[in-house]
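**Q** What follows is each chain in one-letter form.
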Amino acid sequence: MTKKMKLATLFGAPFLLAASGAALAQDYPTGNIQIIVPYSAGGGGDTVARIIADRLSDELGQQVNVVNREGAGGEIGIAEMAGSDPDGYTLGVFGYPDNFVLENTRDTSFDNDSFEYLASFDDMPMGIFSGPGSELDSLEAMRSYGEENPGALVIGESGAIGLLNILALSDDLGIETTPVLYSGGGELMNALLGNHIDLASTSSMSHDPITDAGGTPIGFAAAERMDMFPDVPTFKEQGIDLEMGVSRVMVAPTGLPDEVRDILTSALDEISTNEAMIENFQNASLPYRYLNAEETEEMVERSNNVLSPIIEENLEQFNID
Amino acid sequence: MVFAGVLIGIVVGAIPGLNGAIGISLLLPLTFTMEPQIGLLLLGGIYMGGMYGGSITAILINVPGDVVAAPVAMEGYPLTQQGRAKEALYYSIFSSMFGGFIGVMILIFFTPPLARLALQFGPAEMFFVSLSGLIVVGALSGSYLKAAFAVLFGLFISTIGIDMITGSERFTFGSVDLRSGISVVPVVLGLFCFAEMFLNIGKKPSEQVKYRDQNISRTSVLTSILKARFLVWKSGLIGTVVGLLPGVGTTLAVFMSYGEAKRVSKQPGLFEKGNPEGIIAAESANNATVGSSMVPLLALGVPGSPTSAIIAGALVIHGIILGPSLFVNRPDVAYTFLYGMLLTVVAMTIIGAVGIKYFSYILKIRMEYIVPTVLVFALFGAYSLRNSLFDVLIALVLGIAGAIFKKIEVPLAPIIIGVVLGPLIETNLARAMRIAGARDVPLVQYMLSSPLAIGLLIMVLVLLVVVVQMRRKTG
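Protein sequence lines correspond, in order, to chains U and G.
For the first sequence, the working numbering begins at 30 and goes up steadily by one.
For the second sequence, the working numbering begins at 42 and goes up steadily by one.
Isolated chain U (complex conformation) (with noise of 0.2 Å):
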């Protein structure tokens, strides 16, 4: 090959590849291939998508790429996602439903149509727990101290469903809290183990560090009691029928080829049974869940018409960052 040729092919290279990519889904991936994580490196958003990108890279023969954009609550990374080309090469992980608060709390640029949902990896739910040295024990007692000290109780929480889940306990309580915004987990654990809050509304995740130093957990908005933490009873057992949670989804914006769809769920299917990858997830305190495509949307959907008018009614009690 002459030094010409040698550059026309190196130049050219990236056109034909883009060409070609673009005229022949069925090919589909030739590619790098990016997911857009709407959180900061070291969440267990960012921590699932790395797991998954991992698999899916070695199912796909191609390179899968994490890349963070944080901002304005996931608002900025969401954005970007949804708007980006729906050709495979752009996909996103995060955790639902900031999505479904995002859009029915701000002037968002997407909807729950700008994407569709191609799988969901894990079911984390939502929970009460109380610091070292507190009385409160369970939901009864958190009752009978809100019913003698209306507003009293300073629940602390890291995220729109951590509020979610204050408003929706409160409203079933039939008593008066005080949510307190904390910038992130670790600030809202200080928070809880040093007694300047009442209680903190977190994920499940947060179980062990809160136990270890002396806290409670008061119980979990799940359906069932988890594998992972059989001790800690559910609001349902404690007459309290709520269930919420954080649920990891892999989506991309509305409009791919059915071909380059159908490649990617059933790599994901595939992928959902890897014993390796199961571990990692376990490792990590990820509460592991596989649903497909259709059980995902059907998820988001049940889910949607619970939260509606959670929000609806606290409408003036959303700020997330």
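It should be emphasised that the hints constitute simulated quantities derived from the structure, not laboratory data.
It should be emphasised that the depicted structure is a prediction, and the values quoted were computed from it without experimental measurement.
The reader is advised that the hints may include incorrect statements.
Non-contacting residues of chain U with respect to chain G, defined by C-beta distances greater than 12 Å in every case (computed) [said to hold, decoys possible]:
id	residue
1	E88
2	V183
3	L210
4	T302
Cβ-Cβ distance ranges computed for the label pairs, FRET-style [unchecked claim]:
id	chain 1	residue 1	chain 2	residue 2	range
5	U	G60	G	F150	24 to 32 Å
6	G	I391	U	N333	51 to 59 Å
7	U	Q346	G	R157	31 to 39 Å
8	G	T264	U	E164	52 to 60 Å
9	U	N333	G	W274	56 to 64 Å
Idealized CB from N, CA, C, for every residue including glycine.
Chain U is fixed; fit chain G onto it per the hints.
**A** Then chain G, alone, in the frame of chain U:
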């Protein structure tokens, strides 16, 4: 592995806009397949090295690689202009070493009591500590009015975005990007890096700093640091205690210890003109925070800084649960990590002390080559934080503003302090108001309900008086 980590950390730290946190998040996936101990040491090394790396460019070309290196630039660059670059670099590395040791030793021996101390800091306590950080601004030089303007400008920048407590949008003009606020990294890049480079454009070669081979022995620098051992200890301890606080402990610690060094100095007039004491104070404080920000992480599972939060994420992947049970369940990991952190200090010192000769060759490079190189890295750094072009724009705009500020002698450090502390002061006060309201007690009573809060309030008042008096003396 420790050496590799430290080296990566120093390089990443030296590049403007990149810091330890970014280095760690880039390498995070690599550690998934490593033994947990090994992976942790790699990440710990990057953290330690990153804290030091920012100082190299700060001293040599007045571009702090990271916000924590800003005070070092204020002292180190004047030294470089006087042809004492190597000396400044030695001061920096050895003070980092002492600070690093103090922090890690405290991590090893005093984790449980310090973790309990960290928990004492509620909204009231955080509010007073942040206020005291703001007062430090008064101790920096420059005219009253200009310093006040600078700090107010910083506080203003920090109000942009969604208000944490009420959720109202402030100064966002409907832009999604502005909604998430302006983060500290592009501000630092703009004010320190872009501004400096813009001012360098068009300078005549004769105005540039020339490389001079300075005969300076490492031992003489070490001896003079040892002579100032009280300062080293004090700065290390400030770094340790403030570094414990979740949020922005590191930045606050560095500026507090720098301001404190100036306050007690016999030659406060020399500050910002190249006083090694300033370097000692800032460097011992920032490397001390590395150890102490891990205290709440190891003892309670509560990360004390963004970097330690990412390290926590890495541990979780390996199924290691942080908190008191770590020492019972996985003592192998816990103790390897603790003692490995000591090794990171050693590795940092060796690499730093040997490398200084080569680092200072940067000064031999003509400015025409440095300016575009730094600008490219800085653009990259601003982009990489959130993969956002908006951040690049912010950095450029503030770069132009910074260049103008420098021309009219508005000090830049107070702007950074304002940006960092503004949200802390505001959200903690708002939280305090909310909790006091819920408990139905007056705000003042709630704010002063713990002895620690009262002590901190007294500290704030004393600092205020001292700073005002200092101002009178120096004029």
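**Q** Compute the least Cβ-Cβ separation between U/T302 and chain G, then decide whether it is above 12 Å.
**A** holds, 20 Å
**Q** Range hint 24 to 32 Å: satisfied by the CB atoms of U/G60 and G/F150?
**A** Taking Cβ atoms as reference, U/G60 and G/F150 lie about 53 Å apart, which means the hint is violated.
**Q** Look at the Cβ atoms of G/I391 and U/N333 and judge whether their distance stays inside 51 to 59 Å.
**A** With a Cβ separation near 58 Å, G/I391 and U/N333 satisfy 51 to 59 Å, so the hint holds.
**Q** Taking the closest pair, is the beta carbon of U/V183 still more than 12 Å from chain G?
**A** Since the minimum Cβ distance to chain G is about 5 Å, U/V183 lies within 12 Å and the statement is violated.
**Q** Do the beta carbons of G/T264 and U/E164 sit within 52 to 60 Å of each other?
**A** Given a distance of about 59 Å, which is inside 52 to 60 Å, the answer is holds.
**Q** Measuring Cβ to Cβ, find out whether U/L210 lies farther than 12 Å from everything in chain G.
**A** violated, 6 Å
**Q** For U/E88, is the shortest CB-to-CB distance to chain G above 12 Å, so the non-interface label stands?
**A** holds, 17 Å
**Q** Honestly, do U/Q346 and G/R157 meet the 31 to 39 Å range at C-beta?
**A** holds, 33 Å
**Q** 56 to 64 Å was suggested as the range; check whether the CB atoms of U/N333 and G/W274 agree with it.
**A** holds, 58 Å
Going down the numbered hints, you'll see the structure goes against 2, 3, 5, while the others check out.
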